[in-house]
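Asks: Which chain is which? The protein sequence lines are A and B, in order. Just so you know, we're using my numbering here: the first sequence kicks off at 5 and counts up by one. Just so you know, we're using my numbering here: the second sequence kicks off at 5 and counts up by one.
Treat the hints with care, as some may be off.
When the alpha-carbon atoms are kept at most 25 angstroms apart in a straight line, the in silico DMTMM-like pairs for lysine to aspartate or glutamate are as follows [stated by the list, open to error]:
(1) Lys-65/A with Glu-205/B
(2) Lys-128/A with Glu-199/B
(3) Lys-91/A with Glu-82/B
(4) Lys-204/B with Glu-38/A
Keep in mind that the hints were calculated from the coordinates and are not lab data. A quick note: this is a predicted structure, and the numbers were derived from the prediction, not measured.
2 protein chains.
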Amino acid sequence: MNFTNDDVTKLLEIIKSRRDVRGNHFISKPIEDEKLSLILEAGLSAPSVGYSQPWEFVVIKNKAIKQKVIKNFQKENEKAKEIFKDKELYKNLKLEGIEKTPINIAIIYNKPNKDILGMTSMQKMGEYSVVCAVQNMWLMARALNIGIGWVSILDEKQLLKDINKNENSTLIAYLCVGYVDEFLDEPELKTLGWEKKKKKEKIITFLK
Amino acid sequence: MNFTNDDVTKLLEIIKSRRDVRGNHFISKPIEDEKLSLILEAGLSAPSVGYSQPWEFVVIKNKAIKQKVIKNFQKENEKAKEIFKDKELYKNLKLEGIEKTPINIAIIYNKPNKDILGMTSMQKMGEYSVVCAVQNMWLMARALNIGIGWVSILDEKQLLKDINKNENSTLIAYLCVGYVDEFLDEPELKTLGWEKKKKKEKIITFLK
């Protein structure tokens, strides 16, 4: 298949308007099953080292489990508040949409129990494959005008226990998935002045 | 911005037709500067934990450096051949396009020297942000009808040394970027019978 300039423009628009959505922007509208399927299909179409497909997607609607995840977040966020105690902004940020979103998805890496092509020198390639799946899902959600927020202020072992996984699994991402009131034009942490945008010259170098 | 059903279809086409391109499919046609810029722009538009933008992109056209990377690959691949000595197919696979592609890109994670929002519980989020950038670049390249092959059969320390990075940097990905004679319809490792496609029921679970 040959793509056109218009396709390039469209993809860049999707990539650039994708946001990490916080809890204050999600609305209660349910996610249609066929849209969830498209998001998962995008994940399943990600590259994986040695075609190992080491991913597992746990779709969570269960309220009791969500409550456990919220507790996990709150505990970890208290530690974070202490770390950032000199920054007034931190404690005012709404950093998760666990309860506000109709769907949470835990994305898991399960280490294969055999040698994998492409993983013999760099073992972390398996985990990285699963991250590629997350990014595919994020872009597909954006094209469907659905927001995703990636929650990482979590104790991994506790989270795995709460979704019935043992410690042979690795938590890659915990996603809150839902419709939104708006997609912000820019990353909120940039707008709020938490971090500045880095200059291209500092992060792209050429060895000619 | 509101995207349409057509946009969703287009994105899914790009996602599904993206391939990990091996050395036997690259052609010698140079990559235009404006297309390289678009690929890098897609990477720079990736999500990053706490807006930390912990990435660095090293664009390599230098032949002497490429030769060092080839040597690195060959040494690591000898070890891999020993691991897969019972699989006749392995040694016949062309697993890299380092020399055949006009551009290689090493994608690096530089750990920030301060606390990062969202990384206080899960330290690996910084690396994962950089992987999201790789996937954005891969999709943009595909929309531009340019192939990317991710080479992971490399000794990380040696690679970093060869591109003048010290051990404070982490190698996330080494990409071979070039035009191709064709994009295969399916992952080659599936077609060749190296691995089977996993069943959805085994990798998607629901907690209702």
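Asks: Given the hint that Lys-65/A pairs with Glu-205/B, does the C-alpha gap stay at or below 25 angstroms?
Replies: 18 angstroms, holds
Asks: Between Lys-204/B and Glu-38/A, does the CA-CA distance stay at or below 25 angstroms?
Replies: Distance of about 15 angstroms is within 25 angstroms: holds.
Asks: Taking only the CA atoms, is the gap from Lys-128/A to Glu-199/B under or equal to 25 angstroms?
Replies: Since the Cα atoms of Lys-128/A and Glu-199/B sit roughly 19 angstroms apart, the hinted pair holds (cutoff 25 angstroms).
Asks: When you check the alpha-carbon spacing of Lys-91/A and Glu-82/B, does it fall within 25 angstroms?
Replies: 52 angstroms, violated
Taken one by one, the earlier hints fail for this structure only at number 3.
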